[in-house]
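Trainee: Sequence:
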Amino acid sequence: LDQMQICNSLLVELTIETPKAIELIKTRAVVADDYSIAKRTIGIYPLTSLFFMSGIKKLHQETRKRFYVPINERVQKGNYLLYQVSGSDSNITKLDPKEILSSSADNPLGIPEPGSSELNKLFEYYAPVWEIETENNYDLPGIPYLQGNEVRINTQQHVTYTYHSFIRFYKGIQLQLNYVIWFPSRPLTGVFDLLGGHLDGITWRITLSSDGDVLFYDTIHNCGCYHIVFPNEQFHKIKESSELTEPVLVPVSAPDIKDGQRLVITLDSGTHYLSYIRAITLNEIDKQYILEEYSHLKLLSSNTQGIRTKSMFDKDGLVPGTERKERWLFWPMGIDEPGAMRQRGKHAIAFVGRRHFDDPFIFEKNFIYNNKQ
Numbered sequence: 001l002d003q004m005q006i007c008n009s010l011l012v013e014l015t016i017e018t019p020k021a022i023e024l025i026k027t028r029a030v031v032a033d034d035y036s037i038a039k040r041t042i043g044i045y046p047l048t049s050l051f052f053m054s055g056i057k058k059l060h061q062e063t064r065k066r067f068y069v070p071i072n073e074r075v076q077k078g079n080y081l082l083y084q085v086s087g088s089d090s091n092i093t094k095l096d097p098k099e100i101l102s103s104s105a106d107n108p109l110g111i112p113e114p115g116s117s118e119l120n121k122l123f124e125y126y127a128p129v130w131e132i133e134t135e136n137n138y139d140l141p142g143i144p145y146l147q148g149n150e151v152r153i154n155t156q157q158h159v160t161y162t163y164h165s166f167i168r169f170y171k172g173i174q175l176q177l178n179y180v181i182w183f184p185s186r187p188l189t190g191v192f193d194l195l196g197g198h199l200d201g202i203t204w205r206i207t208l209s210s211d212g213d214v215l216f217y218d219t220i221h222n223c224g225c226y227h228i229v230f231p232n233e234q235f236h237k238i239k240e241s242s243e244l245t246e247p248v249l250v251p252v253s254a255p256d257i258k259d260g261q262r263l264v265i266t267l268d269s270g271t272h273y274l275s276y277i278r279a280i281t282l283n284e285i286d287k288q289y290i291l292e293e294y295s296h297l298k299l300l301s302s303n304t305q306g307i308r309t310k311s312m313f314d315k316d317g318l319v320p321g322t323e324r325k326e327r328w329l330f331w332p333m334g335i336d337e338p339g340a341m342r343q344r345g346k347h348a349i350a351f352v353g354r355r356h357f358d359d360p361f362i363f364e365k366n367f368i369y370n371n372k373q
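Residue numbering for the sequence shown follows the working numbering, starting at 1 and increasing by one per position.
It should be emphasised that the hints constitute simulated quantities derived from the structure, not laboratory data. On a predicted model such as this, the values are computed, not experimentally measured, just so you know. Honestly, I wouldn't trust all of these hints.
What the hints assert, rightly or not - Cβ-Cβ distance ranges computed for the label pairs, FRET-style: (1) 156 x 69: 31 to 37 Å; (2) 135 x 95: 43 to 49 Å; (3) 31 x 298: 19 to 25 Å.
To be verified - Below are the DSSO-like pairs computed for lysine-lysine, each with C-alpha atoms no more than 30 Å apart in a straight line: (4) 315 x 287; (5) 39 x 20; (6) 77 x 94; (7) 365 x 39; (8) 39 x 98; (9) 365 x 77; (10) 98 x 365.
Note that the Cβ used here is the ideal one computed from N, Cα and C, for glycine as well.
Go ahead and model the full structure; you've got the sequences and the hints to work with.
Mentor: Printed below as a string of structure tokens:
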């Protein structure tokens, strides 16, 4: 093992000292995207994308409208239940995120790399309150488990899965906190419902500055659809360079969160569309959830034996059995199994154009400081 480490160090040194080797690495170090050129070619993408763009613009208009209707003025399908992270009250005012982030970035690359203990504290500190309109069991977040070969959701226990990621933003590397929940289904509304099916879920992401301030909130469904961004008020969206690129949806700016407050994320019943965000001081909550590492999804337990045996995801990063009927109409956009639930790192988030949730430059490409032209 020692000899291998020595050889590895020598190889790295030789590579760094060889300009041609560096250039070769740069040309080959390309991450394959999640769009199929073959499907787009067969599906006459230049033409069919025009029809999709029309539908996308309509969806964006409807989404913006939802954010301007207060909760108490809505027609409700069910009661709104509040889920807060367990044990958060005693820690929310004690943590200094700036200290953790600045000290953890004290390395040659300036990458904020908190230890596991500090990272867990950050996850708890910024954990959102889920406000879920609840009509039936399909609106209860829970724990994925295996029943035979099928993934089911145990709604008796409420869990939010977490993982961290990084992004480049104006020459700095920023830490991102990701929160993921799973629902038993998005219920079908009829025979011709293209979007409903087995399992549903939401990913909520927080991008932090080195001072611990929130730069951006953004969210997707766990299929990669419905990407919405809530920027800090110091940023504004750059106009898309082409009419043939799906615009980034920004319905409202991120709310200002004062000491002792939590961010509340409101989800609609059934569709689980995110329809409202606000900051409030919580007096009473309905339920609590615990935080677990996202990696636990790679080894689910059986409902009969309780032994972790199998990943939630197949070799392509999809959740088997979560296919949607939309795939028969949406395939010309080049995305494999559109509507199916996916593993992190496999989320194409635009039907028209190309955009990925884990693109390290996603915000730098689409947002600019207000004092810059």
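Trainee: Of the hints given before, which are not true for this structure?
Mentor: 2, 4, 5, 6, 8, 9
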